[in-house]
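*Asks:* These protein sequences, in sequence, are chains A and B.
Going by this note's numbering, the first sequence opens with residue 46, and the numbers climb by one from there.
Going by this note's numbering, the second sequence opens with residue 197, and the numbers climb by one from there.
The set of hints was computed from the structure by calculation and includes no laboratory data.
Heads up, the beta-carbon is just placed ideally off N, CA and C, and yes, glycines get one too.
Hints are not guaranteed to be accurate.
[Claimed, not checked] Label pairs and their computed distance ranges (CB to CB):
| hint | chain 1 | residue 1 | chain 2 | residue 2 | range |
| --- | --- | --- | --- | --- | --- |
| 1 | B | Thr261 | A | Ala94 | 20 to 28 Å |
| 2 | A | Leu53 | B | Gly229 | 37 to 45 Å |
| 3 | B | Gln277 | A | Thr49 | 40 to 48 Å |
[To be verified] If we take Cβ atoms under 7 Å as the criterion, some of the chain B residues that face chain A in the derived model are:
| hint | residue |
| --- | --- |
| 4 | Thr228 |
| 5 | Phe266 |
| 6 | Gly273 |
| 7 | Gln277 |
| 8 | Ala279 |
| 9 | Ile280 |
| 10 | Thr297 |
[As the list claims (entries may be wrong)] Counterexamples of contact, computed for chain B against chain A with all Cβ distances above 12 Å:
| hint | residue |
| --- | --- |
| 11 | Ala198 |
| 12 | Leu210 |
| 13 | Asp217 |
| 14 | Asp253 |
| 15 | Asp265 |
| 16 | Val267 |
| 17 | Ile268 |
| 18 | Ser271 |
| 19 | Gly284 |
| 20 | Asn306 |
| 21 | Thr314 |
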Amino acid sequence: MAITIVPLGLTGALRVLVDTDCDATAELNVNDGAATVITIEIDNTLNGAISYFKAWNNANPVVGTTAPDLILRVNASVTRTFVFPAGLSFVTALSYACVTAAGTAGTTNPVSNVTVRIVLS
Amino acid sequence: MAVSKQLMDLLASLTVVRDTDSDATAENDVNTGAGIVHMLRVDNSANLNPSYLKIYDALAPTVGTTAPDFVIPVSGGVIVQMAIMQGGVNLTTGVSFATVTTAGTAGVTNPTNDVVATLIVE
Numbered sequence: 046m047a048i049t050i051v052p053l054g055l056t057g058a059l060r061v062l063v064d065t066d067c068d069a070t071a072e073l074n075v076n077d078g079a080a081t082v083i084t085i086e087i088d089n090t091l092n093g094a095i096s097y098f099k100a101w102n103n104a105n106p107v108v109g110t111t112a113p114d115l116i117l118r119v120n121a122s123v124t125r126t127f128v129f130p131a132g133l134s135f136v137t138a139l140s141y142a143c144v145t146a147a148g149t150a151g152t153t154n155p156v157s158n159v160t161v162r163i164v165l166s
Numbered sequence: 197m198a199v200s201k202q203l204m205d206l207l208a209s210l211t212v213v214r215d216t217d218s219d220a221t222a223e224n225d226v227n228t229g230a231g232i233v234h235m236l237r238v239d240n241s242a243n244l245n246p247s248y249l250k251i252y253d254a255l256a257p258t259v260g261t262t263a264p265d266f267v268i269p270v271s272g273g274v275i276v277q278m279a280i281m282q283g284g285v286n287l288t289t290g291v292s293f294a295t296v297t298t299a300g301t302a303g304v305t306n307p308t309n310d311v312v313a314t315l316i317v318e
């Protein structure tokens with residue numbers, strides 16, 4: 046876990062969250078409450094297999110058991126940025142993890158670091 | 197199920213797949229094989245409760261059992277749009293999708309009212 050959160054210094058309380066090793070250990074309630082996600086960049090370039098970014102509208106999900114509200118797949122060896130022009134709301138909390146399995150199940154870390162950058166408010 | 201497909205007639209072979217009543221009955225293999233998902237739009241404005249669009253890299257997924265590769269939450273009364281930069285995500289088997297009322301893998305319940313799901317696929 047190596048997270049930094051940097052305010053963008055703009056009107057509107059936008060922040061950039063950077064996690065340089067997103068894995069199966071969930072990062073919990075990263076916005077201290079509700080969050081609106083604008084973009085999610087997922088860098089899976091160090092891995093030769095698919096990784097899945099999973100996010101929960103929940104302050105304390107159990108990875109592999111709690112049904113993720115958002116699942117984004119990134120194929121091997123690439124970076125993808127997912128953009129939500131109108132924002133994606135997490136009204137309770139934003140927690141997330143990265144694993145190697147689709148759907149709800151899966152508690153295995155990606156083999157190599159997955160870097161995630163989230164712009165949120 | 198009311199699915200239409202419109203070729204965008206551009207140099208890139210993009211197709212707009214639009215389902216005006218996306219529900220728990222999967223729309224299977226909408227690109228006739230592998231496909232790259234570039235954008236999506238889910239209109240849940242007719243519903244008071246959240247709906248979840250699920251996209252599967254499969255030809256005939258079993259909704260509620262097959263693990264979805266994408267789950268997109270859409271709150272009641274809203275529309276969610278998502279664009280995938282840097283070339284989209286390549287689903288190497290097939291592009292199938294459904295919309296239900298439960299997050300994650302499980303869930304076989306239709307949204308109460310029509311959800312319009314639109315995907316741009318290559």
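*Asks:* For each hint, tell me whether it holds in the structure or not.
*Replies:* Hint by hint, here is what the structure shows:
no. : hint                           : result
1   : B:Thr261 / A:Ala94: 20 to 28 Å : holds, 23 Å
2   : A:Leu53 / B:Gly229: 37 to 45 Å : holds, 42 Å
3   : B:Gln277 / A:Thr49: 40 to 48 Å : violated, 28 Å
4   : Thr228                         : violated, 20 Å
5   : Phe266                         : holds, 6 Å
6   : Gly273                         : violated, 11 Å
7   : Gln277                         : holds, 6 Å
8   : Ala279                         : holds, 5 Å
9   : Ile280                         : holds, 6 Å
10  : Thr297                         : violated, 12 Å
11  : Ala198                         : holds, 25 Å
12  : Leu210                         : holds, 17 Å
13  : Asp217                         : holds, 22 Å
14  : Asp253                         : violated, 8 Å
15  : Asp265                         : violated, 4 Å
16  : Val267                         : violated, 4 Å
17  : Ile268                         : violated, 7 Å
18  : Ser271                         : violated, 6 Å
19  : Gly284                         : violated, 8 Å
20  : Asn306                         : holds, 18 Å
21  : Thr314                         : holds, 14 Å
Hints 3, 4, 6, 10, 14, 15, 16, 17, 18, 19, counting from the list given before, are not met by this structure.
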